[in-house]
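Start from the sequences, fold in the hints, and give me the full structure.
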Amino acid sequence: MHRRHLLLSAAAVAAQLAAGPVALAQQPYPSKPVTFVIPFPPGGTLDVVGRMLAQKLSEQMGQTFIVENRPGGAGTIGAVLVKGAAADGYTLLFAPSTHVTTPMTLKTAPYDVVKDFSPVALVAKAPLAIAVNKNLPITDVRTLIDHAKANPGKMSFAIGSSGSAGHLSTELLRRSSGIEYLIVPYKGSAPAYQDLIGGQIDGFIDPILGSATYAKAGQLRVVAVTSKARVPSLPQIPTVGETVPGYEFYSWYGLWGPANLPKDVASRLNAEVNKALATDIRDKLTQQGLLLTPGSIDDFVAFEKDDMTRSARIIAEGKIRAE
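Heads up, this note's numbering is the position in the sequence shown plus 280, with the first residue counted as 1.
Derived from the structure by calculation, the hints contain no laboratory data. Mixed in with the good hints there might be a few duds.
In silico PhoX-like pairs for lysine-lysine, Cα to Cα no more than 20 Å straight-line [said to hold, decoys possible]:
#1 K363 to K543
#2 K405 to K564
#3 K414 to K434
#4 K395 to K585
#5 K555 to K543
#6 K414 to K496
Note that this is a predicted model, so its numbers are computed, not measured.
Written out as structure tokens, the structure is:
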């Protein structure tokens, strides 16, 4: 009996070992910590939103979502890391719209947005703000256009990085309003704001959160936002479209997995992101000027396609290339 019991136990252990991979595959997702790769440094709006979302998903799904910042290469280093990860849902990319535009500005792109990644969820759109030096006679888009036309080629606008949403929206403003100004590249938003406040440059189009902070301190003037409708957190600020019909532009944040992410995993993540966006983080993010965008994976795919088409046109017309 004792020998029989040992034989049965050994057989049971062998069966468990043999079925290990199958059993693991059958465990509900997620069964271990998930890594959220953010391809930019800590501290920016993207990082703030990503950490809020990761924390909420941890609470909802019962597993830790670990934020891992992998900056460099205008976001391409972190993206390539996720591109090469296993397509099992345990390594995800939380990135801004530069994820789809940066490859368009490079001679050799390190990834193909459509072929190398699985869209999971569009999280939020970030309207940009047009800020100007407070000493200029500019109070809205109309006076900005008038001032630029009265001083042809003399106005200057900063861009935080080549191919960024701010860069594309600055190029779009120039073309759609029929004005000319010098575009000055900077290595990030911080030095651009310093020169805008100091009067070395005249204007800067950047996410609302940064410029609104300086505007509240009286250091610069915000004259318009780039969204289709006025932003709830800044209802007194008009849109560019109120003066330049049809103008609309956003930075935006999305969640991707590697190519061939299982449909059930992608669908679960999409549902959990939508659930998270309906919780208390909605008010926190809205107060920062963001427009939350819950929706299906198909909604995200359609949005990404439209944005890529529009951005490609602006990049081609403006001959925008990464430095």
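Against the structure, test the hints numbered earlier, and report the numbers of the ones violated in rising order. none
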